[in-house]
Amino acid sequence: MFPTFKDGNIVLTERITSRSGRVGSGDVVLIRSPDNPRKVVAKRVKGIEGDEVSYVLDPKNSDEQKTVVVPKGHVWIEGDNIQNSYDSRQLGPVPYALVQSRIFFVVWPPKDFRLIGNEVS
Amino acid sequence: MLVNGDPRPKKFWATPFSSLSFFPFCTSRKPTSVYGPSMLPTLNFTGDVLLVDKLSPMLGKVGPGDVVLVRSPENPRKTITKRIVGLEGDIVTFLVDPGRSDLSHSLVVPKGHVWIQGDNIYASNDSRHIGPVPYGLILGKVFCRGKLFLSDNQFDCEQMRSSTSWVFSIPMEESQVSCGHHKTLDDWHNDG
Chain E
1 MFPTFKDGNI VLTERITSRS GRVGSGDVVL IRSPDNPRKV VAKRVKGIEG
51 DEVSYVLDPK NSDEQKTVVV PKGHVWIEGD NIQNSYDSRQ LGPVPYALVQ
101 SRIFFVVWPP KDFRLIGNEV S
Chain Y
1 MLVNGDPRPK KFWATPFSSL SFFPFCTSRK PTSVYGPSML PTLNFTGDVL
51 LVDKLSPMLG KVGPGDVVLV RSPENPRKTI TKRIVGLEGD IVTFLVDPGR
101 SDLSHSLVVP KGHVWIQGDN IYASNDSRHI GPVPYGLILG KVFCRGKLFL
151 SDNQFDCEQM RSSTSWVFSI PMEESQVSCG HHKTLDDWHN DG
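Protein chains in written order, with full-length UniProt numbering: chain E, 1 to 121; chain Y, 1 to 192.
Hints were generated in silico from the structure; no laboratory data involved. Do not take every clue at face value.
To be verified - Simulated pairs of lysine-lysine, DSSO-like, Cα-Cα distance not exceeding 30 Å:
no., chain 1, residue 1, chain 2, residue 2
1, E, K39, Y, K78
2, E, K60, E, K111
3, E, K6, Y, K111
4, E, K6, E, K39
Stated by the list, open to error - Here chain Y is said to cover these stretches of chain E; the calculated rule only asks that three of the stretch's residues, wherever they fall, bring their Cβ under 8 Å from a Cβ of chain Y:
no., stretch
5, 35-42
6, 70-83
Note that beta-carbon positions come from the ideal geometry of N, C-alpha and C, so glycine has one too.
Looking at chain Y on its own, in the form it has when it is part of the complex (with noise of 0.2 Å):
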C-alpha cells in the first residue's frame, strides 16, 4: 500500500474481498479482486486485480460495453462483475440458453435498470437469468485489470475495451421483464 513518503509498496494479498487504498491521491479508485469463470476471456477464471472506479455510476457515466461491479440482486452481500449491454430504454437481444439452443430473445429494458450479461455467455448467471437489474446497485467501473510488480514498484494496467460483438438486432417483439424472477429456457420458451 503507497502511503505518503513511502515509496515501496508493501505485500499485495489477493483474496477475494480485499480491496486497499493504493492510490492516496485518488481515493475514488479501489484495487478489487475478482475470480470466476463468467468474464472469460476478458477476465481470469482463477482471480484479476482490477482498479475500480466508484465515482462513475454517480455521475452517470456508465454505458454500455463497460464491465462493472454491480451488488447481486439475489444476495446482497455478493458482488458480480458483468458488462454493460443496455441502459434503461435501449432494445436488448441475447441467446437464451446458447449451448443448447438457438431461441434468442428481445426486450426493452426498463426504466431505472440496466442489461448485464457476462463476456462467457456459456456459463454466467446474469440479467438472461435475474431480469435486468436497477442501476442503483452498480458499485463501480472497472477501468483496467493490473499486475503489480513488487521488485520494480510497478502497477502495471490493462485497460478494458468494450467488446460487444456479439450483440445482434433482429426484428423483435417488445415485452417488460421484471427483476426478482429466475428465468430458465422454458420460461423464455413460454413467453413466446
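Excised from the complex, chain E in its bound form (with noise of 0.2 Å):
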C-alpha cells in the first residue's frame, strides 16, 4: 500500500461504513484475506457490485487490459503500489462480507498524521 501507508504507521480504522453496507470506490478498507483467514491485509476498494473494473494483466510485459463485471456481493480491491501487490487482479472479486472494517487516519508516527481520503495520494 506504498506510498498511502508505509512500515510503522499506525491507522485508526471504524466498522460502521462496513457494518451498514456502505463502503464504496476508494475506501481503504481491512479485509481478511480469501486465500488465508488468518491473514488481514489492507487494501483499496476499485469496485463494488455491479461495477465495471479494468486492470492491466501484466504490467510488465505488455499494456493488454482485461475488464470485468464485479458480482453481487463482492468487490474489487487492489493495492495502491500496484507493481507489488496481491489483490484481486490475481484473487478475483472478493465477497464483501470478508471486509472487517474501513481505514480512515494515520495516527503515527507524527509527521504522516492525516485523513485517508479516496484518491491514492
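Fit the two chains together into the complex; they arrive one by one in their own frames, and the hints show the way.
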C-alpha cells in the first residue's frame, strides 16, 4: 500500500461503514484474505458489485487490459502499489463479508498524521 | 434470558435474526434461529433454535461433517446454514443437479476455502452454485439444536451429527472453481 502507508504506520479503523454496507470505491479497508483466513490485509476498494473494473494483466510485459464486472455481494480490491501487490488482479473479486473495517486516519508517526481519502495520495 | 441471580428464563421470541446471550458463562455460544428447506431433514423448514459456537472457527477447529453458519458471499447481510463437505486441498465429488440428471463433478477445494452443501441437495443453494466459500466467512459451528421448555426452566438440546453418507468417490479430473460465479447445470456440462 505504498505510498499511502509505510512500515510502522499506525492507523485508526471504524466498523460502522463496513457493517452498514456503505463501503464504496476509493475506500481503504482491512479485509480478511480469501487465501488465508488468519491474515488481514489493507487494500483499496476499486469497485463494488455491479461496477466494471479494468486492470492491466501483466504490467511488466504488455499494456493489455481486461475488464471484469464485479459480481453481486463482492468487491474488487487493489493495493496502491500496483507493481507489488497481491490483490483482486490475482485473487478475483472478494466477497464483501470479508471486509473487516475501513481505515480512515493515520495517527503514527506524527508527520504522517492525516485523513485517508478516496484517491491515492 | 438467564441473568445472574435469576433462575427463571424469560420469554424467548424466535425471530429469524434474533440471538440472545443465553448462558452468561459461555458467551462464545449464542442461540440463533434459522429456517428454510436446504438442511432437511437435519433442521426444520419452519425454524429451529440452534446453539452456535463462535470460537471454533477462529481456532481452526471446523472440519468436514460440521454444520456451520456462513455469511453468504452473494449477500453479505444474509447468513446461511450448511454442512462442510471439504476443506482446502480436499477432493469433493457432488451431484450437479440431482433432481434432473446423474451428472457428477469432482474438484479440489482451493487454499483458504471450504466446500459447503445443504443436507437437502434438491433444494439448496450452496457451493455447487456459488463455488467454494472462503473460510473467513464461517461465523460459527452449530453444536446442537434445541427446544426451550419454559415451564420447567429447561433448554433441551439435540446434538448435531456429522452424517455425510451421500459423499462418494469416483475417478475424477482436477479443476479449480472460483468464487463469485453462479453455476448452472449447463455450466457444469460445458466444463466436461
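Original post:
Looking at the structure, which of the earlier hints fail to hold?
Top reply: Hint 2 alone not satisfied by this model.
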